[in-house]
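Asks: Each chain is listed here by its residues.
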Amino acid sequence: MTTLLQRVKSKMAIFAHRKARGVLDGEYGSVFRGRSLDFDDLRAYIPGDEVRDIDWKATARHGSPLIKRYVAVRRQTVLLIADTGRNMAAVARSGETKKDIVVMALGVMGYLAHRHGDVVGLVSGDSAGTGSVPAKGGEGHLERLLRRVHSSTSGDAAGSRIQEQLEHVARTVKGRHLLFVVADEIAADPEMGRLLRRLRAQHEILWLTVRDAELAAAGDWYSVDDSSSLVSHLAQSPAVAAAYGRAAVERDAGRENMLRQAGITEGSVAGSHDVVTALFALLERHRRAG
Amino acid sequence: MELIFWGLIPLAAIAAAVAGRLALRPDRKANARRRPAAHTDRLTMLPEYQAALRRHRRWLVAAAIACASLLTSTVLAAARPVEVTTIRPEQHNRDIVLCLDVSGSMSSADAAVVDVFARLAEDFQGERIGLTIFDSTAIQVFPLTDDYSYAQEQLKLARDAFDGKPGTSGFLDGTWSGRGSSLIGDGVASCLNSFPPGTDQETGNPPRSRSVVLATDNLVSGKPIMTLQEAAGIAKNRAVRVYALNPGDLDYGTGADQPGAQLREAAEYSGGAYYALDSPEAVSGILTAVQETEATALQGAARAVVSDRPDLPLGLALFSGLALAAAYRRLRP
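The listed protein sequences derive, respectively, from chains E and R.
Under this note's numbering, residues 1 to 290 are what the first sequence spells out, in order.
Under this note's numbering, residues 1 to 333 are what the second sequence spells out, in order.
Keep in mind the hints are simulated off the structure, nothing from the lab.
As the structure is a computational prediction, the values presented were derived from the model and not from experiment.
No residue lacks a Cβ here, since even glycine has one placed at the ideal position from N, Cα and C.
One should not assume that every hint holds.
Among chain E residues calculated to face chain R with C-beta under 8 Å, some are [stated by the list, open to error]:
| id | residue |
| --- | --- |
| 1 | VAL91 |
| 2 | GLY155 |
| 3 | ASP212 |
| 4 | ALA216 |
| 5 | LEU234 |
| 6 | ALA235 |
| 7 | SER237 |
| 8 | VAL240 |
Simulated DEER-style distance windows between Cβ atoms [unchecked claim]:
| id | chain 1 | residue 1 | chain 2 | residue 2 | range |
| --- | --- | --- | --- | --- | --- |
| 9 | E | ALA13 | R | ASP27 | 19 to 27 Å |
| 10 | E | ALA239 | R | LEU22 | 34 to 42 Å |
| 11 | R | ARG332 | E | ALA13 | 45 to 53 Å |
| 12 | E | ALA239 | R | VAL18 | 33 to 41 Å |
| 13 | R | LEU331 | E | ARG171 | 47 to 55 Å |
| 14 | E | ALA239 | R | LEU322 | 27 to 35 Å |
| 15 | E | SER151 | R | ALA326 | 50 to 58 Å |
| 16 | R | CYS67 | E | ARG171 | 57 to 65 Å |
| 17 | E | ALA239 | R | ARG33 | 24 to 32 Å |
| 18 | R | LYS29 | E | GLU139 | 40 to 48 Å |
Over 12 Å on every C-beta distance to chain E, these chain R residues come out as not near it, computed from the model [what the hints assert, rightly or not]:
| id | residue |
| --- | --- |
| 19 | LEU3 |
| 20 | ALA37 |
| 21 | ALA77 |
| 22 | ILE87 |
| 23 | GLU122 |
| 24 | ASP147 |
| 25 | GLY174 |
| 26 | ARG238 |
| 27 | ALA276 |
Turn these sequences into a full structure, and let the hints steer you where they fit.
Replies: Below, the structure written as structure tokens:
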């Protein structure tokens with residue numbers, strides 16, 4: 001049986017073949033590297049590394065770009081925050097279950113952190129309750145985290161409410177961490193905005209939105225909330241589809257605005273095949289945003 | 001309004017209840033081919049969707065009503081709605097046998113009689129009419145019948161024969177056997193045999209009034225088996241009235257043994273009447289006399305008449321079917 005982590009690794013391997021090997025690690029390192037002033041050593045430049053880390057003198061002597069590495073004063077803690085409510089057992093825009101995309105995204109991020117030597121923790125739950133797993137290193141630990149998310153997300157779970165998990169983090173987590181939040185298309189609301197600004201003041205936050213299925217597109221749907229079915233030909237009628245499209249655009253704009261105001265970088269992913277690409281773009285954007 | 005097969009109604013109600021129960025039973029596998037979606041309220045709470053849903057539901061209700069109405073009306077139609085009315089049919093209980101002497105001297109009178117009856121037959125309702133011709137022997141052209149179109153057809157044929165139209169002489173075949181001519185008594189007796197035997201159980205009278213219209217000049221040549229008087233006796237026995245028409249009455253005196261007088265006596269003995277046909281009142285006189293015998297036209301016993309009335313339920317079913325088709329057209333995705 002392939003473990004969830006193996007799937008993540010193979011996904012990353014495919015990506016690594018397309019992009020230069022190590023780009024992701026470079027991106028991650030430049031975002032999450034705990035900087036200190038203690039110089040460690042030099043290593044060859046990997047695309048994605050921070051340009052300001054290039055040791056220009058050494059590069060001039062050596063003939064190829066070299067990067068200064070510093071001794072990390074502390075291990076970073078990456079806190080994966082996932083929604084495991086029943087909304088995540090629904091279908092994503094790509095037609096896959098959103099849970100699979102969530103697990104893939106958490107896996108990629110967790111594995112990057114693990115390779116970087118950081119410890120990874122998990123805060124997950126639904127509207128009924130939130131659980132957390134303390135941060136630890138090791139692939140086994142990461143696999144356990146992914147399994148926890150994978151198994152607790154089902155159609156029988158309570159409703160989704162990512163605020164609960166974020167509040168849990170705000171209440172219980174001390175110190176500065178890197179938060180990686182995976183949620184679906186949440187709607188903006190002022191309460192949430194305040195909470196995000198409060199968290200952002202303490203932590204570094206990356207936000208990945210898993211795109212919801214287009215309900216106005218072809219297909220027969222039922223609600224994960226109450227199992228009621230949608231009358232598909234009504235949903236696909238031009239007037240309803242147009243109104244739904246307008247509402248979706250407004251909602252996306254509201255969420256982006258809320259996250260931007262809180263200083264959070266957001267990426268979005270439609271299916272598991274573009275998780276790695278989306279994460280790469282997210283890290284890139286976050287690094288640019290500084 | 002009554003129903004013949006009223007037992008269908010409870011059966012249909014039970015069938016409808018079972019079908020409704022099956023149809024309305026919550027289907028646990030309904031969502032098996034559907035895919036789970038989150039945030040469906042973001043679609044269902046849209047005013048556009050709500051409006052479309054309301055329209056959809058209105059058509060669903062219309063379809064349900066049309067369906068129920070279609071089923072109800074077809075069940076009603078299948079149960080055979082009938083209207084039961086009691087009628088007392090007025091019957092024209094007359095049997096008339098035209099008894100025509102076709103000896104050579106009579107053809108014009110016969111043509112007149114046949115002509116009159118061909119006209120009368122148009123107005124007959126329930127009367128039965130028969131035609132027997134005789135000369136030396138009698139031929140029954142057609143027995144008592146209420147098939148007036150057939151009777152008229154035969155009367156017209158007879159008339160053509162009496163008028164001597166070419167190609168019609170075969171009509172009279174068999175009336176002449178060489179034993180004489182105008183054997184009146186035999187002819188009348190044969191005509192009397194046209195009436196069905198039997199009498200009414202209660203009154204002892206025949207169920208229908210009987211009359212013979214006899215056209216003859218009573219000029220016998222030959223030896224009949226039965227005399228006119230004997231034939232008149234049989235007629236009286238069988239309650240048959242003989243109405244005699246004599247086109248040749250003027251030729252002889254008024255003696256009691258004259259042919260016309262004998263004929264009159266025989267006719268009146270049977271309860272009928274005697275007319276000289278060449279007098280203008282002949283036709284109307286016959287009519288009057290024959291109408292009088294209609295006094296016995298009985299009022300038929302009251303009868304219940306059951307007539308199917310499926311028009312209302314079937315019309316409703318048609319309308320419901322059309323409404324259902326329209327609703328289906330709107331509901332079809």
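Asks: Grab the minimum beta-carbon distance between R/ARG238 and chain E and tell me whether it stays above 12 Å.
Replies: The claim stands: R/ARG238 keeps its Cβ more than 12 Å from every Cβ of chain E (closest is about 86 Å).
Asks: Does R/GLY174 clear chain E by more than 12 Å, comparing its Cβ with all Cβ atoms of that chain?
Replies: Its Cβ never comes within 12 Å of chain E, the nearest being 86 Å, so this holds.
Asks: Assuming the hint says 19 to 27 Å, is it satisfied by the Cβ distance from E/ALA13 to R/ASP27 or not?
Replies: violated (45 Å)
Asks: E/ALA235 was flagged as interface toward chain R. Is the shortest Cβ-Cβ separation under 8 Å?
Replies: With a minimum Cβ separation of about 6 Å from chain R (threshold 8 Å), the hint on E/ALA235 holds.
Asks: With a cut-off of 8 Å, does the beta carbon of E/GLY155 approach a beta carbon of chain R closely enough for the hint to hold?
Replies: holds (6 Å)
Asks: Was R/ALA77 rightly flagged as not at the interface, with every chain E Cβ beyond 12 Å?
Replies: The assertion about R/ALA77 holds, with a minimum of 35 Å to chain E.
Asks: Evaluate the given range 24 to 32 Å for the C-beta pair formed by E/ALA239 and R/ARG33.
Replies: holds (26 Å)
Asks: Could you say whether the range 40 to 48 Å given as a hint is met by the Cβ separation of R/LYS29 and E/GLU139?
Replies: holds (41 Å)
Asks: Does the Cβ-Cβ separation between E/ALA239 and R/VAL18 fall within 33 to 41 Å?
Replies: For E/ALA239 and R/VAL18 the Cβ distance comes to about 40 Å; the hint holds.
Asks: Would you settle whether the hint for E/ALA216 is holds or violated, based on the nearest Cβ-Cβ distance to chain R being less than 8 Å?
Replies: holds (7 Å)
Asks: Hey, does the E/VAL91 contact hint survive, CB to chain R under 8 Å?
Replies: At about 5 Å, which falls below the 8 Å cut-off, the nearest Cβ of chain R leaves the hint on E/VAL91 intact, so it holds.
Asks: Far enough from chain E: is every CB of that chain over 12 Å from the CB of R/GLU122?
Replies: Non-interface label on R/GLU122 holds, nearest chain E Cβ at 68 Å vs cutoff 12 Å.
The structure fails to meet hints 9, 20 from the earlier list, while all remaining hints are met.
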